[in-house]
Each structure stands twice: as C-alpha cells, then as structure tokens.
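Colleague: As they're listed, the protein sequences go chains A and B.
Here the first sequence is numbered in our numbering, starting from 22 and rising by one per residue.
Here the second sequence is numbered in our numbering, starting from 22 and rising by one per residue.
Please note that a few of the clues may not be correct.
Identical chains blur together in the list; that is why a pair holds if it fits in one copy or across any two.
In silico lysine-lysine, PhoX-like type, Cα no more than 25 Å apart, as pairs [unchecked claim]:
no.	residue 1	residue 2
1	K135	K148
2	K148	K26
3	K96	K148
4	K116	K148
5	K110	K126
6	K24	K134
7	K149	K26
8	K23	K155
9	K26	K135
10	K148	K23
11	K96	K76
12	K110	K23
13	K148	K24
14	K76	K155
15	K126	K76
16	K155	K110
17	K134	K23
18	K149	K23
Because the hints were derived from the structure by calculation, they are not lab data.
These numbers come from a predicted model, not from an experiment.
One letter stands for each residue in the lines below.
There are 2 protein chains.
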Amino acid sequence: MKKLKNIPFDQLQVGDCDSLTRTLSEQDLILFAKVSGDTNPVHLDENFASSTMFKTRIAHGMWTASLISCALATKLPGPGGIYLGQELKFTRPVKIGDTVTVQLKIIEIDQEKKRATVSTEVINQNKKIVVKGKAEIMPATESITVDEYTLPEINL
Amino acid sequence: MKKLKNIPFDQLQVGDCDSLTRTLSEQDLILFAKVSGDTNPVHLDENFASSTMFKTRIAHGMWTASLISCALATKLPGPGGIYLGQELKFTRPVKIGDTVTVQLKIIEIDQEKKRATVSTEVINQNKKIVVKGKAEIMPATESITVDEYTLPEINL
C-alpha cells in the first residue's frame with residue numbers, strides 16, 4: 022500500500038519545493054460538477070461551450086485549486102497538517118487534455134505560531150500560469166506516515 | 022430542464038445576497054478524493070480519522086470552497102461570469118451529515134473594471150463559520166439563461 026509521509030514543522034525550511042502533475046480528463050469535469058453541484062454547461066456541454074469565449078469545455082477553477090490542496094496534503098508538508106487558508110487568482114482556463122503542474126514552495130515560516138506560508142502556482146504544459154496564490158498551513162510537529170486510502174472504482 | 026439565469030453586471034448592487042445549502046455525504050468525500058487526488062485517510066478512513074483531533078472523517082476544505090464556486094456560478098451573479106480570484110480561511114471542520122450554507126453578498130462593485138467583490142462565508146447547522154473569505158468576479162454584461170447540464174448517474 023502506498024504511504025504518505027509528512028515533513029514535520031521543525032524540518033521545514035524556506036525554499037523547500039515540491040510539485041504535482043495531472044492531466045484534465047472529461048471524467049474530472051463530470052465528477053467535479055457532481056461533487057460541487059456546479060452543472061454550468063461551460064464545463065460540461067461541448068456544444069454550448071464552443072459558443073463561449075473559451076471555445077471548448079473548461080475546468081472549474083476550484084478543480085485546479087483542489088490539486089493545490091492535494092499537493093499540500095500529500096507532499097509538502099504532507100499528512101497531519103492543518104489547512105488554514107488559501108489565496109487564489111485564476112489567470113487562464115484549463116481545457117480537457119491540458120497537463121497542469123502545481124508548484125509548491127515554502128516562502129515563510131513563523132516559528133512562534135508554527136505556521137508556514139507556501140507559494141502555490143499552477144502552470145500548464147506551455148509553462149503559462151493558470152492559478153497563482155499562496156497557502157497558510159500549520160504542519161504537524163511530529164513525523165507521520167499513513168497508508169494512502171484506496172478508492173473504489175467510479176463508473177459513470 | 023432546469024435553467025440557470027444570471028444577474029448582468031449593470032443590475033448588480035452592493036448588498037445583493039444569495040445562498041446555497043448542502044449536506045456532506047460519504048459519497049462526497051469519496052468523489053472529492055477521486056477528483057482532487059487527495060486520498061489522505063483523514064477524509065476517508067473512519068478508523069484512522071477517529072485517532073485524529075477531529076475524531077471522525079472531515080471534508081476536504083476545498084470541497085466546501087467548491088460550494089462557494091457553485092453558488093457564484095449558478096446563483097450570484099450566475100452563468101457567464103469569469104471567476105478571477107478567491108480568498109479562503111478554513112476555520113472549522115465539516116463532518117459527514119453536517120449541513121453547510123454558503124452565504125454570498127456583493128460588497129463592492131468596480132464600475133470601471135466591471136468587476137464585483139463578493140463576501141463568501143460558509144456556516145454550518147450550528148451557525149458557526151467553517152469558511153470565510155471573498156471572491157472577485159467579472160459578471161457577464163448581458164442577460165444569460167442556460168440549461169443546467171444533466172449529469173450521468175455515478176456508481177461507487
């Protein structure tokens with residue numbers, strides 16, 4: 022079983038980086054619409070979406086943001102951290118087949134409050150920024166290793 | 022078929038409000054883990070989660086944020102708007118069975134840039150704030166009515 026390991030607070034350093042890459046599928050659009058309730062046709066109906074300024078279906082901005090959350094929770098600082106806040110600026114659309122990479126970098130550590138500020142930038146396959154912003158995290162103080170949960174198959 | 026209607030930019034006023042209510046299900050946790058890739062057991066494994074400070078499985082913070090995005094895209098200002106940015110502070114956990122309400126309120130309108138700032142607060146069934154923050158939107162300038170997309174059944 023795949024393990025998730027964290028970096029405890031006292032081992033984190035300004036400049037620490039990690040990343041996560043994912044390609045948007047049609048299934049992602051459908052699942053995100055289901056779980057968020059946002060059934061706006063710009064995300065789901067190719068015929069409708071082709072009439073918009075985007076010319077095709079685009080991801081919900083919060084799908085891309087959810088990848089930031091995933092990278093923080095599974096990679097840097099990893100499990101056991103408390104997600105305190107996130108600033109997001111959505112700068113470009115993400116389309117089916119686009120490959121986006123979340124780039125995390127620790128930019129500030131508050132030793133007193135035991136919190137870290139993480140730069141959270143998401144770029145596409147053309148190295149253009151699609152989301153930028155930063156996260157506030159309270160990393161776990163102890164070392165944590167957990168089993169990644171195995172999800173059931175999802176059939177549409 | 023259910024229709025989604027927007028409020029065009031020139032009809033929006035500071036103080037306009039809308040809301041959206043949803044109850045967290047176990048399926049939401051699984052779907053959000055799938056679509057975000059965040060399979061941290063604190064969201065999925067009741068046995069593991071019972072050993073954490075939360076005592077039970079909790080929603081991914083970005084699930085709650087996705088409801089804000091849904092409320093903006095389907096209610097205020099509704100379809101056709103461009104989501105420019107979102108600030109989020111995660112203040113309390115959301116557990117299975119919790120009923121959360123997204124409260125939107127227009128707090129600023131920039132006539133020159135044709136943008137609106139929306140206060141985005143999410144409360145639980147005990148009227149405690151679980152997420153607070155604000156959104157930046159560029160609402161559509163014209164009136165838009167679209168058919169809400171009908172999603173396929175999802176089987177776990």
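Colleague: Compare the structure with each hint and give your call.
Modeller: We went through each hint and held it up to the structure:
Taking the closest pair of Cα atoms, K135 and K148 never come within 25 Å of each other, the shortest separation being 33 Å inside a single copy and 29 Å across copies. In the homo-oligomer, the alpha carbons of K148 and K26 never lie at most 25 Å apart, since the shortest distance is 29 Å inside one protomer and 35 Å across protomers. When the C-alpha separation of K96 and K148 is checked against a cutoff of 25 Å, the pair qualifies only within one copy, where the shortest distance is 21 Å, while the shortest distance between copies is 33 Å. With identical chains, the CA atoms of K116 and K148 are at most 25 Å apart within one copy only, with a shortest distance of 14 Å there and 38 Å across copies.
For the identical chains of this complex, K110 and K126 are neighbours both inside a copy (17 Å) and across copies (20 Å), given an alpha-carbon limit of 25 Å. Proximity of K24 and K134 under a CA criterion of 25 Å is satisfied in neither setting, with 28 Å inside one chain copy and 48 Å between copies. For the homomeric pair K149 and K26, neither the shortest alpha-carbon distance inside one copy (30 Å) nor that between copies (32 Å) is at most 25 Å. Taking identical chains as interchangeable, the C-alpha atoms of K23 and K155 are never at most 25 Å apart, the minima being 28 Å within one chain and 37 Å between chains.
Taking identical chains as interchangeable, the C-alpha atoms of K26 and K135 lie at most 25 Å apart only when both belong to the same chain, with a minimum of 19 Å there against 45 Å between chains. With identical chains, the CA atoms of K148 and K23 are never at most 25 Å apart, being 30 Å at best within one copy and 39 Å at best between copies. In this assembly of identical chains, the alpha carbons of K96 and K76 lie at most 25 Å apart only when taken from different copies (23 Å versus 34 Å within one copy). Proximity of K110 and K23 under a CA criterion of 25 Å is satisfied in neither setting, with 32 Å inside one chain copy and 30 Å between copies.
Proximity of K148 to K24 under the C-alpha cut-off of 25 Å is found in neither arrangement, the shortest distances being 30 Å within a copy and 37 Å between copies. Taking CA atoms no more than 25 Å apart as the test, K76 paired with K155 passes in neither setting, with 30 Å inside one copy and 28 Å between copies. For the identical chains of this complex, K126 and K76 are neighbours neither inside a copy (33 Å) nor across copies (31 Å), given an alpha-carbon limit of 25 Å. In this assembly of identical chains, K155 and K110 lie within 25 Å of each other by CA distance both inside one copy and across copies; the values are 10 Å within and 12 Å between.
Taking the shortest alpha-carbon separations for K134 and K23, neither the intra-copy value of 32 Å nor the inter-copy value of 48 Å comes in at or below 25 Å. Neither within a single protomer nor between protomers do K149 and K23 lie at most 25 Å apart by alpha-carbon distance, with minima of 32 Å and 36 Å respectively.
Hint compliance for this structure: hints 1, 2, 6, 7, 8, 10, 12, 13, 14, 15, 17 and 18 are not met, and every other hint is.
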